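**Q** So the chains spell out like this:
8 protein chains.
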Amino acid sequence: LEPVVEIVMGSDADIAIMTEAEKVLKEFKIPYGLRIISAHRTPDKAIEYGKSLNKRGIKVVIAGAGAAAHLAGVIASHTIVPVIGVPLNTSPLSGIDALFSTVQMPGGIPVATMAIGKAGAKNAAIFAVQVLAVEDKSLKEALSDYRKKIAEAVVKKDKQLSKAKIKY
Amino acid sequence: LEPVVEIVMGSDADIAIMTEAEKVLKEFKIPYGLRIISAHRTPDKAIEYGKSLNKRGIKVVIAGAGAAAHLAGVIASHTIVPVIGVPLNTSPLSGIDALFSTVQMPGGIPVATMAIGKAGAKNAAIFAVQVLAVEDKSLKEALSDYRKKIAEAVVKKDKQLSKAKIKY
Amino acid sequence: LEPVVEIVMGSDADIAIMTEAEKVLKEFKIPYGLRIISAHRTPDKAIEYGKSLNKRGIKVVIAGAGAAAHLAGVIASHTIVPVIGVPLNTSPLSGIDALFSTVQMPGGIPVATMAIGKAGAKNAAIFAVQVLAVEDKSLKEALSDYRKKIAEAVVKKDKQLSKAKIKY
Amino acid sequence: LEPVVEIVMGSDADIAIMTEAEKVLKEFKIPYGLRIISAHRTPDKAIEYGKSLNKRGIKVVIAGAGAAAHLAGVIASHTIVPVIGVPLNTSPLSGIDALFSTVQMPGGIPVATMAIGKAGAKNAAIFAVQVLAVEDKSLKEALSDYRKKIAEAVVKKDKQLSKAKIKY
Amino acid sequence: LEPVVEIVMGSDADIAIMTEAEKVLKEFKIPYGLRIISAHRTPDKAIEYGKSLNKRGIKVVIAGAGAAAHLAGVIASHTIVPVIGVPLNTSPLSGIDALFSTVQMPGGIPVATMAIGKAGAKNAAIFAVQVLAVEDKSLKEALSDYRKKIAEAVVKKDKQLSKAKIKY
Amino acid sequence: LEPVVEIVMGSDADIAIMTEAEKVLKEFKIPYGLRIISAHRTPDKAIEYGKSLNKRGIKVVIAGAGAAAHLAGVIASHTIVPVIGVPLNTSPLSGIDALFSTVQMPGGIPVATMAIGKAGAKNAAIFAVQVLAVEDKSLKEALSDYRKKIAEAVVKKDKQLSKAKIKY
Amino acid sequence: LEPVVEIVMGSDADIAIMTEAEKVLKEFKIPYGLRIISAHRTPDKAIEYGKSLNKRGIKVVIAGAGAAAHLAGVIASHTIVPVIGVPLNTSPLSGIDALFSTVQMPGGIPVATMAIGKAGAKNAAIFAVQVLAVEDKSLKEALSDYRKKIAEAVVKKDKQLSKAKIKY
Amino acid sequence: LEPVVEIVMGSDADIAIMTEAEKVLKEFKIPYGLRIISAHRTPDKAIEYGKSLNKRGIKVVIAGAGAAAHLAGVIASHTIVPVIGVPLNTSPLSGIDALFSTVQMPGGIPVATMAIGKAGAKNAAIFAVQVLAVEDKSLKEALSDYRKKIAEAVVKKDKQLSKAKIKY
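Chains as they are written, first to last, in the numbering used here: chain L, 79 to 246; chain H, 79 to 246; chain E, 79 to 246; chain Y, 79 to 246; chain A, 79 to 246; chain F, 79 to 246; chain W, 79 to 246; chain X, 79 to 246.
Just so you know, these hints were derived from the structure itself, not from any lab. It cannot be assumed that every hint is accurate.
Here are the simulated EDC-like pairs of lysine to aspartate or glutamate, each with C-alpha atoms no more than 16 Å apart in a straight line [to be verified]:
{"no.": "1", "chain 1": "H", "residue 1": "234", "chain 2": "A", "residue 2": "122"}
{"no.": "2", "chain 1": "F", "residue 1": "235", "chain 2": "Y", "residue 2": "90"}
{"no.": "3", "chain 1": "E", "residue 1": "218", "chain 2": "E", "residue 2": "105"}
{"no.": "4", "chain 1": "A", "residue 1": "234", "chain 2": "F", "residue 2": "90"}
{"no.": "5", "chain 1": "L", "residue 1": "234", "chain 2": "E", "residue 2": "90"}
{"no.": "6", "chain 1": "L", "residue 1": "226", "chain 2": "E", "residue 2": "122"}
{"no.": "7", "chain 1": "Y", "residue 1": "241", "chain 2": "H", "residue 2": "90"}
{"no.": "8", "chain 1": "H", "residue 1": "241", "chain 2": "A", "residue 2": "90"}
{"no.": "9", "chain 1": "X", "residue 1": "137", "chain 2": "A", "residue 2": "214"}
{"no.": "10", "chain 1": "E", "residue 1": "129", "chain 2": "Y", "residue 2": "219"}
{"no.": "11", "chain 1": "A", "residue 1": "215", "chain 2": "X", "residue 2": "213"}
{"no.": "12", "chain 1": "A", "residue 1": "123", "chain 2": "H", "residue 2": "230"}
{"no.": "13", "chain 1": "Y", "residue 1": "137", "chain 2": "E", "residue 2": "219"}
{"no.": "14", "chain 1": "W", "residue 1": "107", "chain 2": "W", "residue 2": "223"}
{"no.": "15", "chain 1": "F", "residue 1": "234", "chain 2": "Y", "residue 2": "122"}
{"no.": "16", "chain 1": "X", "residue 1": "227", "chain 2": "L", "residue 2": "122"}
{"no.": "17", "chain 1": "H", "residue 1": "129", "chain 2": "L", "residue 2": "219"}
{"no.": "18", "chain 1": "F", "residue 1": "133", "chain 2": "W", "residue 2": "219"}
{"no.": "19", "chain 1": "W", "residue 1": "129", "chain 2": "F", "residue 2": "219"}
Remember, it's a predicted structure, so these values are computed and weren't measured experimentally.
Turn these sequences into a full structure, and let the hints steer you where they fit.
**A** This is the structure we're talking about:
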């Protein structure tokens, strides 16, 4: 199956965080690809990659990068395919540098920015599924089921806590 | 025409910023709606609104709010329709409070966050069009044309500057 | 005994911090409940919960959450029972995201915000007791005793230090 | 009528912001007092003031201060009456210094902190009313009415916007 | 004369700040060019521009941009010519977003970052002259003279102040 | 009379803020001097100045600077005379850059740092008087009187407010 | 010997940091005292302590506290003895809360603020010695010797590095 | 061989970070020196060092320092040789204090600032080589080769990831 979503990251060190996106795409059975492309060290690859997305049938891209995180922005500037950015906390500034570099895009070229780190990587994939679901009824149902499942997990823990704790 | 995108804001004071989103949707001829709903002052409206989106055929929602900006997150928690959040700089903290409240969503419920203020409002609408374009070839072309147009505007200014300035 | 104070948290991972609130309520013999409710993953529970508080006789609610911490605000928007918010440092931003998301509530819907993390959880419970004490003379006395006790603990350590150290 | 709530501020320059609290107390017909006391310039007044609160029948105190805003904390350390703190944006740091100085209280002495500036001053008074309402059924009803009123104001503006705007 | 330094900016709105760099280059009689190129809106121009620098004999590039300021980084990724970045305070975040986006470059692709705004634009040009002076003795002398001149201006003001003020 | 305190600032633009220090020294009749010395533009002056302080009988130095505010630190590194630093909000970063550059001195070379801007300039002079008062009984009395005076000003305003306002 | 300098801290947990101040005072043979006083938990002690300083012959006070660090400010408001504040990094905010709470004192009541943590504790004591040295020639010499010693330590390490490293 | 680049740091504790610069200079076979000089503890050494650079034939200086990092600025104020600053994350503020102290230089005296920590140290050396390459064709080629090498390393990892991962 050809990928419809791709997860790109600036360095192989980012895989530990970005795999959170992978897990979600697997769960929703979305064919996906994984790439390491650096906006700064492999700029020509990044451009070529951005330009190829639409032709290759990629519908959503997820880009994770840390520090002066330009990856999502660079890809976004070369494609009209929706780009989701995940700021990574890989510098001493706890990811606030990556957040600002990803979210503060100038008017014209949006990057849909998620939370810093693992929560953001996970949500990037869920958001990608939500985008795909806009015209896909079965994916909509899958998302509703997913929501129910995560709600039930919270409810279950709520009940366990109520039981486990002996309150005054 | 029934709206396919809706722009929601927490207060009527936000309209001056959120109208940037409106302009883009008009330019792309996307039928849209405009709403004022407060996550905190009209919580039941916000919930009802979130729950109604899918049934009403809304494909993308844009939510702008300032300070402890919960609007996008509250709507997102009640729908699987993609929610785009615009943090507004309407408190003394220059919008950084709204940015953190919008972007730092926990794993499970994503909000696609844009830049603080007008650039973010504009980009929210462009991103909404990009989402709609995933399965719409003519919108893809319209986006490509839009990109060309904004590129040409920069190129034109670049030429004017080169001429206007007499360099040493 | 029916609870008069409830401690709600967004995730079971927060219990290690929020138990600081529990300890204080136990010490003051305040009947309390413990709940796990996520503003984003179980939004309907959060609403239902907020709406039920007054009827169920809950007099004060303590809500702890991290990241884009909407829990306290969401509950506050559905009740007139005083809501105390505890921002948790569970994201890479050290709790400053949770602080802004909790404290920067718009005019109309207050959340009484405490310090980030354990100190905040402890103080949330003390503040809850202070609220209950407004119309309860014996609780006022208990609070005065508590104050004396914590003051004496400091005084004792002050004396130990003076003795232990041989100064020039 | 003897005041049951008092609004204290560190400087007469703060009255323009703190009057937001006054308006709310007037609306709810809560007898209140207004004071200017500086934690640093009139420390003995601040202490005496803190110690007098309970005896004088004050049930809730609202303290607004900017910069290294110690006023709320100093009062709180001398009373068991609930203290609500309002951080003011009166220094070059936009109120973030006042926020940290007010909210980051150590375990033992809570200050219920509100948003920076006018929204915070308003909410401080609403929260004070919520505290008084814990044992006062008619105040509870007044609060419910107030909530309805502010919700209706939003709904009205929502309708006006829908009509005023001609959407595509 | 062919330019040896070029000043590039992301938008024509930036000229008011970047002209500080121009003034310095004029003073040192360095042939220079002025360009408007947007990393995001004219990405292909930015790449082409970066790739052309060395061939065209440009020895130093000064790039000023605001918000998610990628311009300097994008140019730097396509050239080995030294790139000096000037973060501009053109977003609600006072230039701290531009600073982080410019300075926090990953290992491999440096951008020499200057202060936010006008001071940075001025210093970018002075630093460019310092780079050119490494192998140019007359420029070194010009720089020494410039240093003397700015020192004398301070000394003169110091004397004026001493005279003007009658001290106790 | 020879000055015993000197106020140094990095630029003549800083005089509007630093004059707050001057007013206090005049009020306490402390002979003082005013200087403009730039740590960066007149480094040799700064060094010479630092080295001369003790010999010239200067007992306390007040140094105000903005941005990467090195002035206080540079002077402190050349003298054992107490140096008081005033961070000025003269860059787009609202003085937080000057605060960090002034206060975060490494172990060995202290700078006594005051608040950002006018409050800091005023307090720098009061602190200088406090240092001089350590061995000067009449200055101690003058300080006590000053404290009374500023306390009385607050008390007066407190009374005016109580009268002016008609409370419910 | 009666102490002339006292080191006060808000909690016994702070001793590990504040002992850096102690070491310096020992080295300079300054008689000193060590106290644990909490501005919030033992407010009456703090006031009494502040008021007693001048009478007891204390010439300089060093106060270290974390979070909403009011200790130095509270003491300063009750004495004209110079108060040196050390912000401690004991909360999740890395000491920036303590820094703002200590340094941003309002006009009238200065606190001489040092760096966050150990460097600040050490420098507080050195600055205390500098204050004492204003009227003490032998302490001035001791300070000059101390400066030489720390300079020599750097010079020694500089030489070791030059030797140890074999450069290209 | 006489050094043409020198790496200076404020403390021997910084060597673990600054060695990243050393590695790059070795790789490009640039003769270099290593120094420990403290702007604050050995101010005369720093001045003498700054003044000697041009005469000694040093073409570029790399200065790394943490906290109130004045080292690069102090050296820059005494030389017209290009100074590259590396802010180090050696204080509780994660290097943001060092970043502001290094980058926010006033107009007239530039410091070319790199990223905080190891990435910055590495890039400082690469940028130094870029400066040297301005008039050195073989160094330009070496830089182009270096760029290719780091690009190839990314491409290799990209390929490994594609193979290693079995995608849906």
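**Q** Please flag the earlier hints that this structure goes against, numbers listed from lowest up.
**A** Those not satisfied: there are none.
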